[in-house]
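There are 2 protein chains.
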Amino acid sequence: MKNEIQKEGIAELIISLEKQALEIWNNGNPDAYLALSDTDVVYFDPMLERKMEGLDQLTAYYERARGMVHVDRYEMICPVVQATEDMAVLTFNLNSYEGDKVYKWNCTEVYRRNSVNEWKIIQTHWSLVKPLGDSM
Amino acid sequence: MKNEIQKEGIAELIISLEKQALEIWNNGNPDAYLALSDTDVVYFDPMLERKMEGLDQLTAYYERARGMVHVDRYEMICPVVQATEDMAVLTFNLNSYEGDKVYKWNCTEVYRRNSVNEWKIIQTHWSLVKPLGDSM
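So the sequence lines, in the order shown, correspond to chains A and B. Mind the numbering: the first sequence is residues 1 to 136 in UniProt numbering, read in order. Mind the numbering: the second sequence is residues 1 to 136 in UniProt numbering, read in order.
For the record, the hints were derived by calculation from the structure and aren't laboratory data. Careful, some of the hints might be misleading.
Which copy? The list can't say, so a pair holds if one copy fits it or any two copies do.
No farther apart than 30 Å at their CA atoms in a straight line, the calculated lysine-lysine pairs in the DSS-like style are these [said to hold, decoys possible]:
(1) K104 to K130
(2) K101 to K19
(3) K120 to K104
(4) K130 to K120
(5) K19 to K120
(6) K101 to K130
(7) K130 to K19
These numbers come from a predicted model, not from an experiment.
Based on the sequences and whatever the hints tell you, model everything.
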């Protein structure tokens with residue numbers, strides 16, 4: 001029972017960390033995601049030929065995106081957190097609205113608790129919802 | 001040091017479990033992935049509008065794919081395993097060759113150790129490499 005209460009607390013915490021970083025990202029600022037990511041972070045998105053490994057690579061990549069993103073509002077859809085004591089997986093769909101456009105995303109974030117009890121992202125996977133429509 | 005050796009062992013085990021299931025999948029048979037997945041598995045792929053939740057949904061979905069996949073050979077590129085005691089994240093790129101065609105994938109698998117010491121998939125995220133080319 002105690003364990004279940006703790007896990008409930010982890011889910012709320014993880015979703016809250018993610019939303020804070022996302023809202024800052026949505027204003028063109030990658031700093032919060034970078035501060036939340038650990039040194040060994042692995043990263044996928046639809047613009048990359050291969051996954052990225054490590055915070056140095058991700059920092060250089062995100063610097064080039066600084067000031068480029070302007071999301072007016074977002075919906076985090078059906079977030080799910082699956083947690084053990086030291087690792088937690090957050091999965092969700094995301095609708096990001098920019099003016100008249102909506103971008104639909106799939107997202108998997110893996111968080112790991114470090115030695116000073118902070119949860120840090122060690123894996124990020126962003127992909128587009130049905131990028132080829134119904135042709136697959 | 002002991003901990004590092006154990007983690008090394010986990011990485012080899014996780015990659016081996018994944019390759020076994022993938023090779024059976026590549027012959028049109030989803031049974032190995034279904035047996036390897038836990039009841040609360042969360043699943044993304046490029047054909048879905050929303051993530052799928054739970055083994056029942058995934059089983060019904062994979063049944064419709066039975067016999068449809070015929071991959072001649074594959075390359076698992078730069079697999080990385082990030083592990084704690086009870087959870088492990090496997091990330092890799094995958095090239096799947098079917099005749100003259102090559103399909104390029106991003107993949108994140110999260111494994112969790114259960115109470116009888118088996119590692120089971122609790123999250124699968126498949127996405128296409130650069131599905132929109134260089135237009136994003």
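Homo-oligomer pair classification [K19, K101; C-alpha up to 30 Å]:
Within one copy only: 21 Å inside, 40 Å across.
Same-copy or cross-copy closeness of K130 to K19 [CA-CA at most 30 Å]
both (24 Å within a copy, 26 Å between copies)
Within, between, both or neither: K120, K104 at alpha-carbon 30 Å:
both (25 Å within a copy, 29 Å between copies)
Regarding K19 and K120, is the shortest C-alpha distance of 30 Å or less found within a copy, between copies, in both, or in neither?
both (14 Å within a copy, 28 Å between copies)
Cα distance capped at 30 Å. Does K130 pair with K120 within a copy, between copies, both, or neither?
Classified as both: same-chain Cα gap 29 Å, cross-chain 27 Å, threshold 30 Å.
With identical chains, the pair K101 and K130 could be close in the same copy or across copies; at 30 Å between alpha carbons, which is it: within, between, both, or neither?
both (16 Å within a copy, 20 Å between copies)
When no copy is named, should K104 and K130 be tagged within, between, both, or neither for a Cα gap of at most 30 Å?
both (9 Å within a copy, 15 Å between copies)
Comparing the model with each earlier hint shows no violations; every hint is respected.
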